[in-house]
Amino acid sequence: MAGGAVDATSDEGATPGRSAWPHVATRLDAVPVGAWHWRITLLAGLATFFDLYEVFLGGVLGSVLSEQWQLDADAKALLVGAPFFGMFAGAVVLGRAADRFGRRALFMVNLAGYSVTSLLAAFAPDLTSLIVLRVVAGLFLGAELPLVDTYVSELLPGAVRGRFVAVAYTLGFCGAPVAALLGGQLVAGRELLIDGWRWLLVFGGVGAAFVWLLRRSLPESPRWLSAHGRHAEADRIVAGVERGAGLTPPLPSPQLPPPAPQPAPRAATVPVTALLRPPYLRRTAMLWIFQVLQTVGYYGFGSLAPLVLMAKGHDVVDSLTYTALSFLGYPIGSAVSVLFIERLERKTLIIVSAAAIAVFGLAFGTAGSSAAIVAAGVLMTLTQNIFSNAFHVYQAELFPTEVRGGAVGIAYSLSRLTGGILPFVGIAVLDDFGAEGLFAGCAVLMALLCVDVALLGPRTTGRALESVRDQDATDGVPRGSGKAGAPAVSRR
0 MAGGAVDATS DEGATPGRSA WPHVATRLDA VPVGAWHWRI TLLAGLATFF
50 DLYEVFLGGV LGSVLSEQWQ LDADAKALLV GAPFFGMFAG AVVLGRAADR
100 FGRRALFMVN LAGYSVTSLL AAFAPDLTSL IVLRVVAGLF LGAELPLVDT
150 YVSELLPGAV RGRFVAVAYT LGFCGAPVAA LLGGQLVAGR ELLIDGWRWL
200 LVFGGVGAAF VWLLRRSLPE SPRWLSAHGR HAEADRIVAG VERGAGLTPP
250 LPSPQLPPPA PQPAPRAATV PVTALLRPPY LRRTAMLWIF QVLQTVGYYG
300 FGSLAPLVLM AKGHDVVDSL TYTALSFLGY PIGSAVSVLF IERLERKTLI
350 IVSAAAIAVF GLAFGTAGSS AAIVAAGVLM TLTQNIFSNA FHVYQAELFP
400 TEVRGGAVGI AYSLSRLTGG ILPFVGIAVL DDFGAEGLFA GCAVLMALLC
450 VDVALLGPRT TGRALESVRD QDATDGVPRG SGKAGAPAVS RR
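Under numbering that gives the first Met the number 0, the first residue of the sequence shown is numbered 0, with each subsequent residue one higher.
Treat the hints with care, as some may be off.
Said to hold, decoys possible - Label pairs and their calculated CB-CB ranges:
id, residue 1, residue 2, range
1, 275, 92, 10 to 20 Å
2, 277, 100, 24 to 34 Å
3, 100, 247, 26 to 36 Å
4, 436, 316, 25 to 35 Å
5, 128, 34, 39 to 49 Å
6, 100, 272, 18 to 28 Å
7, 342, 365, 29 to 39 Å
8, 453, 275, 19 to 29 Å
9, 34, 436, 14 to 24 Å
10, 343, 436, 25 to 35 Å
11, 358, 131, 34 to 44 Å
Hints in this document: simulated from the structure, not taken from any laboratory.
The beta carbon of each residue, even a glycine, is placed where N, CA and C say it ideally should be.
My request is simple: use the sequences and hints to build the entire structure.
And the structure:
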C-alpha cells in the first residue's frame, strides 16, 4: 500500500547480505516520502515537547516559588538553571552512548528516566530535593534534542530533511506556551489537596510515560546499523519501508539516483578526539562557539521572561499570562519555518534569524505597555524558532553517522552548561541594569554568533548525509572526482 505504515522490524522480503553501507543510505533517500516518514517524525517530535517544557518550566517555577518559598536571587537562579546542568552531562554521556548502543535504545532510556524523575519532583518536600531531582530529569533529557536531530536526519531524504525536522520541533515548541498557561492557571491554588505548581511536574511525568509507550514501535536507524556492520538488520528495516511505499526491494536501478563514491564502512567506534582533527576541526570549532552564544540569545528570553516581567512591575499572574501569549510565537514560528527551510540555505537562514532575534529582544526589553510587551515577545519567539529549526537541522548535517550522535551531543552540551550558568548572570544583570541592559547584552552575543557562522559555517542544504565524509581538511571540496552524488559543502 503506497505510503502506508509498515512493520519496520519484519523479516519478510529481506535479503541478508545484499545491503552495504552506501546502498542502505541510497535506498533510504530514494523511498518516496509517505506515511512512514510522517509517523517517524511525529513520534520523535512528541518527546521534544517535554525537553522544551522542562526548560521553560524553570522560569515559571522561579516566578511562582519566589513568593511561596521566599527565594533569594541565587535560589531562583539555581532553580531555573538546575535542568541545564543535568542536560550538560546527559548530552555528553548519552549522546556518545547513542553512537555506541543505538538511537532507539537511548530514546527509550531518556523518556523513561525523565518520566520517573519528574513524578518524584512533583512531591519534593523542599527546595534542595526539587533542585536535585530537576538536575537528574535534565540529565535524561540532555541527549533528547540532539538525538531527534540525528535520528530524523538519518531516516529522511536530504530534499525534505529540514522540513520534517521543523515539523518535529513544531510539536515540541508547544511545550513553551503550555508551561506558561498551566502555570498561570494553577499557580494560585491547590487541586486535590496538592499545590498547583506540583501538577506542572505531574503533567510532564505522565505525558512522557504515554509517549514512551508510543515510541516502542520506532525502528533503529538503518544508517546506524549499517555503520556498525549490522547490514542484515538494516536491510530488513529498509526493505519494510520500501514495501510500505509500494516498491519492491531492492529498487530497480532506474529508480535510484547515481550513488556517490563511498569508502568502506569505518570502525563502529570513533574517538571523540577525531572531532578536533581535520576534516571536522573547523566545523567543530564553529559549532562549539555557536552553541555557547545561541543559548544566551534563545534561552535568555525563554527561561527568564516571567522574571523579567516581574522586574518590570507586573505580578505573578500577569507575568505568566504575558509570557504565555509571547510563547505562542514558538510553535507558530516553527510551523512557519516548514514553508521555506528547504528553499533557503541553512547557514543564511541562521544568520538572518539571529539578527532578527537581537532586534526583537531589544524591543521587548524596552517595551512598556502590555500590548508592546506581547507583540515584541511574539515576534521574538516566532523568529527564535525559525532560527532554532534551521540550526537543529544544520548541526546534524555537519558530521557522518559514526560520530554524529557524539559530535552533536557534545556541542549541544555546551549550550546546556551555558544555560545552567545563564540564570546566575542574567538575574544579576537584570537586577543591576534592568531588562534593557539584559537584552542589549544578548544582542551583542547574537551579533558575534552571526560572525561565527558566516566565517566558519559550511553550506549544507539538500546534501546527502554521507557526502560529509568526503570533505578534505579545508571543509571545501570532496576527495575524488565528485562527479556522482551531491556536491561537497563549499564556502561561498
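How the hints compare with the structure:
no. : hint                  : verdict
1   : 275 / 92: 10 to 20 Å  : holds (19 Å)
2   : 277 / 100: 24 to 34 Å : holds (28 Å)
3   : 100 / 247: 26 to 36 Å : holds (33 Å)
4   : 436 / 316: 25 to 35 Å : holds (26 Å)
5   : 128 / 34: 39 to 49 Å  : holds (45 Å)
6   : 100 / 272: 18 to 28 Å : holds (21 Å)
7   : 342 / 365: 29 to 39 Å : holds (33 Å)
8   : 453 / 275: 19 to 29 Å : holds (22 Å)
9   : 34 / 436: 14 to 24 Å  : violated (51 Å)
10  : 343 / 436: 25 to 35 Å : holds (33 Å)
11  : 358 / 131: 34 to 44 Å : holds (39 Å)
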